[in-house]
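Participant: As a plain string of letters, each chain reads:
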Amino acid sequence: MNLKRALAYAWLAVFVLALAWLGWRFPQASLETSIFELVPWRAPNPAAQSASQALREQVERRILLLVGSEDSALAREGAEAAAAILRAPDSGCARVVCAVPPQAAKAALDFYAPRAPLLLAPEDRRLLESGGSLAGRSVQSLYAPAGFGGSLGFARDPLGTFGPWLSANAGLGGALAPRDGYLEIEDQGRTWVAVVAEVSGTAGAVGPAAERLDRSLNQACAAARGRGAQVLRSGFVFHEHAAAEQARREVSWVGLASTGLLAVLLWVVFRRPRPMALALLPAAIGCVAGAAAVLALWTKVHAVALVFGGTVVGVADDYGLYFLSGLYGSFWDPQRRLKAAFAPLTLAMGTSVLGYAALALLPIPALKQVAVFASVGLLFDWAGVVLWYPRLTKGFRRVAPTLVLRADRLRAAWPRWGSKPATIALTAALVTAGWGWSRLKIDDDVRLLYARDGGLAAEQDRVQALSGIGGSSGFFVVEGRDAQETLRREEALVDALAGVGPQRWRAVSDFVPSLERQARDRDLIAGALSGEKGAVAALADAAGDPGPGKVLRRWAAATVPPLTPEEWLAAAVSLPYRGQWLERPDGGVETLVLPGPGVGPTELERAAPLAAKLEGVQYVDQLRSVSVLLRELRRLLFWVLALGTLGVLGALWLRLGAGAWAALFPALLGGLVGVGALGLLGLSVNLFVALALLLLLGTAVDFGIYMLDGGGRSSFVAVQVAALTNIAAVGVLAFSGTPALRAFGVVLGVGATAAWLAASALPERKPHA
Amino acid sequence: MRFGASVALFGLALAGFHPLRAEGSGTLPSGPVHGSFAQSKTVQGLSRPLRSVGSFAVVPGRGLVWRTEKPLKGELVLTPRGVFAVEGSGSRKISAGGDVLKLMDQILAGDASALERSFVVRRSSTAQGWILDLEPKPGPLAEVFRSIRAEGSGFARSAQLSETSGDRTALRFEAVAAGPGKLSRTEESLLEP
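So the protein lines, in turn, are chains Z and W.
With the working numbering as the guide, the letters of the first sequence map in order to residues 1 to 769.
With the working numbering as the guide, the letters of the second sequence map in order to residues 1 to 193.
Rather than coming from a laboratory, the hints here were simulated on the basis of the structure.
Hints may contain errors.
To be verified - Sample of chain W residues at the chain Z side, in silico, Cβ under 10 Å: (1) Arg48; (2) Leu50; (3) Gly74; (4) Leu76; (5) Glu143; (6) Gly166.
Where a beta carbon is used, it is the ideal one built from N, C-alpha and C, also for glycine.
Kindly produce the complete structure, drawing on both the sequences and the hints.
Facilitator: Below is the structure:
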């Protein structure tokens, strides 16, 4: 007796501690919302891992605003206003670029122009390698109208090769073209001016730094709009903030909505505040304990895990309800009730905890968090009910059985299987489900696990369509023992990519070719000068004067020190591309070759196999790899589901014999109808649907068992109320903004409803005494 | 970093330039103009200037055709969509459009303020006609041109273009007349709006 008392107070102490700790920890917890954190993925090797990590950080930091108006001056003014706000020291933004000072273009020209004899555009290199001639172009540039053929003039670019090199590399910025110092896009009479910035430091998705950043971004957009311009936002940070905001909203909203529904239900059942409160309490206690455990074990908690874990606890927890359903008995003695209820309670808790703990076996941290949340929450609830409820329910009066009698009448009137209305309803349900199934599609895209703000997504798509950049997730990592080896390997890759399509890829070697290539290009240029059809002879011919030929020869023979990566990296011209260059501590160098404008999924698919043929080259598509992982897990889970169904059938058979089919029937029908509803709603099948079906199997089979093998009135009430509360708790998820959670909620909500209705139509067996 | 053709060709637009039109007096027909040119280009590092001759056509709102005929054939078409090199019966885009093309268009259409926005403009008149001195304001034009001078009576008769590279081009326009002149099919399709 004393031990029990001590345990009860220990439980209370732990709970109070957990509550206090949660209250202190939750507001400052770093709620993770990135899809990549949800399903972490290991690259095939460390190089790809560190490279994709680096790239991801760059991409996740990038902010691009397009400020547009039919009046280009107004668009520029708006862009300047937005940039001014982002430039403020505490805006949370860094490296804000709007207008490029005119010197910048000049600086690039000054840096590259002296190296003109070392640089060839890919097309010109191919032309010369295949024995083509540049003589014609050289003559053209000599006679071209003022300034035409490049701003260097004939003396500094007599072969006309520098202009094409420069514009080949300038085209890598997509449709964004510099005009009067602004990066702009012209589209259907509208001018879009780009404002580019970076998230500074580690703002994260929540917390004061994130709020500050959020505020300045909003102010910047408002400032541009205030001048009559339209603003399109693009950048991970916007989605991250929207998702975090939504997750926060849903965490409280899902909890509130299901609690509200539960309260109504429980009021109907118990008609008195104290039993009602006690029936509700475990869900709240379980959520506190579960959340505290998850926040204690992980420093980064995924928002989806909290929403999901809370739901699972809400669904699975009916211990208090079960204990209190004894109030429908012929008398109320808490200690006797505990004696009677202890075994079923423990059995129910044990199987649930085992089931949810099994989620921890899946290699997805967020699901491990769900597993811990649910297991700890349920275990703690069970302990609370067992230790405290006999004490707390002393002096409760039994509930008048009017409701039960009413339920009995309803049940007597409810159509049984085989009756005409039941057959009609079943046929209708099956036809509707069949229609839904015919429209069903499978989609393992990891982005479904991520709430996308519709308006933001549309803006992002528009930015992508306008600029032609940022649409693809695949890229190449090139590694070598030193900078030159990496550059040579990169050049081999870029040459091979030219065979994939006309689109360009962004590579460092576009700007700093390997020493080998610079020397070879120089030889190619030298070869193009001499001979009967050489440029020198052609110039002399056209001008009737050896002068231009001499200028060309002098230019080609001048001493030009080769361009080295060190020099390039130290110059301002490399600034936009430095993120593609990664130096390893062991002296090795990795570079990223990124898809340029217009590279879409088809090109990526054709480009990917090149990695296998080239040395030191890997293709990485994190988004796709993660989706592939999800697909494999989904398949695995569906096998588990099939085996589980067979296992349940076997277990039912042992107890019910041929009646096992009838007990399983509601669960099967629920699954069929639930998945059909997915199809009707245009949602797709994925890993979370498999999870929902697993939970549905566990819950709905119980309905069948209890109805067939019922244990008297109190069990009947418990089952009915438990079913309704389950439906209420998970059904709420069908309104979540996250597609995967929505699918989960629809399958469980609709499926459980169908299963419950179907179970109610099962023929009654004689209840056990 | 898109230098080159679109900027450089601005100078050529002077071929169809008429100060009255630019000042918006509207007494002259605003239709197309064609004619022939003689170019003398002084290139850094060469002792003798390079001479060439050819013809041009300017169609306001549509673009400009610049054909070099001697000593070698070469042709450029400048439109608001970009600069194209005509090769045989086809064409190749060399440069995208931009503000410079817009500017050219505005000047040809008689928008004097457009000229003032991009250049420091000095006008003077002589017994024979008019002189226009243009000095580019900082921007893409200033990257290429040091100064531009045009002279004429009625239409421009000559132009001198000094480039930042040190090259100088002298143009003489002759037989300038209203109408687009004879356009090839390629030219026509490039000039279509």
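Participant: Hint by hint, which ones does the structure fall short of?
Facilitator: none
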